[in-house]
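Trainee: Line by line, the protein sequences give chains B and U. In case it helps, the numbering used here puts the first sequence at residues 787 to 1075. In case it helps, the numbering used here puts the second sequence at residues 10 to 349.
Because the hints were derived from the structure by calculation, they are not lab data. For each residue, glycine too, the CB sits at the ideal point set by N, CA and C. Hints are not guaranteed to be accurate.
[Unchecked claim] Covered stretches of chain U, as calculated for chain B (at least 3 residues, CB under 8 Å):
no., region
1, 173-186
2, 280-290
3, 297-308
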Amino acid sequence: MTALAAEGRMVARTARRMRRTGALGLSGWTAVGALVLIVLIAAVGPLLNSVDPNAVSLSEAYQNPSAAHLLGTDANGRDLFARLVDGSRTALTGPFLVVLVSTILGTSLALAAVWFGGWFDQVSVRVMDAVFAFPGLLLAILATALFGSGLTAAVAALSIAYIPYIGRIVRSAALRERNLPYVAALRVQGVHGVLISLKHILPNISGLIVANATLAFGFALMDLAGLSFIGLGVQAPTPDWGAMVGTGMSGILQGFPDEALFASALIVITVAAVNVLGDRLTERSEALS
Amino acid sequence: MSAQDAAPASTTTPKPAPRGESGKAVAKFVAQRVAGLLATLFVASLVVFGSLYLAPGNPLTFLTHGRSMTPDAITQLKAQYHLDDPLWMQYLRWLGGVLHGDFGTSIIYNQPVGALLETRMQSTLLLVVMAAVMVLVFGLAIGVFAGLKPGFLSRSVMAVATATMAVPTFVAAVILILVFAVNLGWFPVFGAGSPGLDAVYHMVLPALGLALASVAFVARLSQAAIRQELSSDHVQTAISRGLARRFIVRRHVIRNAAMPVLTVAGLTIAGLIAGSVVVEQVFQLGGFGQFLVSSVQQKDFPVVQAICMVYVASFIVLNTVIDLLYSLLDPRVSLGRTAS
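Next up, chain U with everything else stripped away, as it sits in the complex (with noise of 0.2 Å):
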């Protein structure tokens, strides 16, 4: 169970390769990774595609909704999905819009999808990054102290967390929302804000309830880290060696602890995309997940398959960028493994 189990790749044939010439090496890993990232958005791209066949009814009836449209609109819609034609071309035409940017047309808007989603994708990204920023910062302080001063404090902080860590997004926002918005007014309730700083005040509740569980779990799990590099062999030749507290905290156990729990903490971050959803439907952030809870209850299906392929890619990506970092970065980890 060491730091290697932390990397999204399950199985591990330690196979250590020689640093030295690793130049060979580090480009078949990034390219292995990359081959796998590419292999499950398609994956993902099929199943965001296939779903719309999924559904009950066939595909027109289903985009329609019982909606009365004109012969046009229908024509057209049929033209958007080429439902006419076979269904391997409908996928590479999709597919293919979609790298392109072109996400069809909203069915409610009669607008481009992908202009709908400009729109909206600042305050989305400002969340996320808002939220991403607290999970780092509040998360990786409040453990390493915890870490490095055990006694009551400590225990009860971690305590606190781990009560934090059952307290699902929306109930910290709804909870927020009562404490600092409502009853002491500090914040404003609902919207996004003009952009700007004013964007930014507007965005700090609804961050810090998308954040709250993430750093309890991101508190908990360095605390645990430096817990357990204080107690390793090395750190404590270390200490009886007589170095100085503050060297061999730097040098030898933040340096050790750190790994494991950045890359965790690189998950959760990405693992935030899904939460920002519900955060921005309880704030009226009017974002990606607003619109796509909209979208869904109006039946606008483009919208939805864009917003989820949107949502799964940053979310694949974002893992495997965090996954590939932290190998390249880890001279312990070793890149002769066969990624699986």
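For reference, chain B alone in the conformation it holds in the complex (with noise of 0.2 Å):
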């Protein structure tokens, strides 16, 4: 799906020339704002809890919001709120330590095929085809199955799968970058390859870099929530947005559908978030260079 979805921006974006100012603008910064409250609950949220997110009471099941739980309880008398908070650093540290992997390696790997060339070049773009032919959720259910349940060798499992969708993108933005002038000029002073790669190739390409690992992130929260919300990913009784969409499906069967919406919003807010901020900076990354 993600790499999908870069191409198909690609033909959205030619249709977007005229609006090439390279300012975030009105989206992008709503964007960014509801982001860094997102991070920021995740942050210190769970410091300020009052009430334990794991705090088992039969008795207060299916609680509607009140003073003592802002945003009532679920079939185990949990509190929501709580758990919403708490389960926010799951939720995010999953995605971000995918993108964080996949885009190091994907574009290191990217940096030293285009450098190099030939067959190390070649190779190198039929193994991130190989790799692409995985959709990220099958190897990540496959390292479940290998590995046992848990987010360890699922954040593992997508961090390579992603490899190829951060590789593909800085592998095209560094050919065009290396058949440059300047390029040529500074080989021609004898600058070595790897440092007219890291100081001269990558700065230039980071705005596009940092776009589609935003893109990324989106893709990358989808799959682990989706994970844990089939019970592969985060094990109970750890709060998780996904995981809590699933333990909520038997509430809404009950008529107490609040634990799934909320979980459910909070992701939805979120993907929306880093997919506009996404969005924003791949057009601004263009209009830049």
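Since each chain comes alone in its own frame, lean on the hints to assemble the complex.
Mentor: Here's what the structure looks like:
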């Protein structure tokens, strides 16, 4: 899905040629604001929680919002607000690690491939194509089958699955840069290939990398939340947004949809903000290049 | 960033081959793509097979997972996986079996995996096909409409589409259940229903949940493509020459916009395969996806291997077929390029 979306966006992007200002704009800044808020909640929220997110109290199951429980309680009488706040940590840390690892590995591989060219480039393209043949979610499920359910195996698998997504984009951008006169000028001066790649090519394509890493974050969040939803990711009783949608399913059938709805809303808001920001950053990196 | 970039080939050397003598070029091109397909399938099978050896512990303890098994069963397992053979032999035997539809024996059910899969194939197939139809019909219809009629309505539709793209399949499925199954009671909550129309009826919500984000994606894509064509020089020329708008739209706009959109839409449909796992779990459809998840939980590794292989293979084959069709149908794509 990820690389697809990137390819699709290229079509959409050419249509947006008229809006070439490089500013994030209102929607971009709104997205930044929402994300800052969400990250703040994840960073300090759990410290301010006065209620234990894992405190079970069966007599208080499915309560409506009240002063004691700001958003009410789940099937086990656990405080929903505390669980949502606490769950933001697992929900955001996983995708962040996936994006961090896959971006670093994908970028290094692509830069090396472009610089060395020849068979190394060919092999790396082939490897990326092969990895690309595995849908990320499927690779993550296979990994949990091998190493047991949980976030660790899933994050490792997704980090590998996302390498081609970043790698392909970086490769084509770096290939363009490599053929520009300034690179030739540096080579003539005897600057080492590693230095040219890291100090000159990388900064020039960093906007594009950040933009695509942002978009990848949204996809990774959806994949990991989906994995936790089907019970192969974050394990009970640790709170997680995706897992909460899953446990909230039984509440839906009994007429208490709050848990699933709140967790869903947080996932959708976060992914939407990330997508909008990623789109604006992509436009900006194009406007500036 | 032209249409060529939409094709999975990542490096293109524009070397236009004359279409006249294209018979040979086409054959060569198809052969190249098929070779690429086989290579990717080979690597995928290596990964799926080799994963058994990536697992902690030795393969036998991993397969039995501490379950107490009779010596007979263990001998059978050893024989099934040929664990006493050299590794390359094991792989070849496994691959040979897979090519003949023999995926080994399920550890939990003690039945051939192939037979277990056969009974579950129908609902997964129906789910993906129905979702694919929805993606094409709704996605293209909404996109074309919004692209041809710019204005407030078009902008709102696109804003909704952007928001919808941020809805993961399982969230879409859960909300559809809440609204249309629990609250309105129009559709059943769980199950695949009995074969025939009932199965289709049971599959409406799951397919919609699976398709929703892709519908939004294809709608946005086709809207953008149509807007781009509308503002292109040849369309502007046609408008200034006073040609009928309907003619221009049919002949110049839709035609040119169709190719890149259809390719990406096709690839999106291939992407539905992975999403179906989650949707099947929500609606308890009893297809491959649900079987995969339960097999992971029960540590029934032969089944996990088989389903992963089937998914990856169909994903790769679909991608290649779409890529081939696209390249062969679009006269602007030169076949002379070296595929990589």
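Trainee: Now tell me, hint by hint, if it's right for this structure.
Mentor: Right, here's what the structure says about each hint:
A count of 10 residues in the region 173-186 of chain U with a Cβ less than 8 Å from any Cβ of chain B is obtained; the coverage claim is therefore met, three being the minimum. A stretch counts as covered by a chain when three or more of its residues have a beta carbon under 8 Å from one of that chain; for the region 280-290 of chain U and chain B the count is 7, and the coverage holds. Counting residues of the region 297-308 of chain U whose CB falls under 8 Å from any CB of chain B gives 6; the rule of at least 3 is met.
The structure meets every hint from the earlier list without exception.
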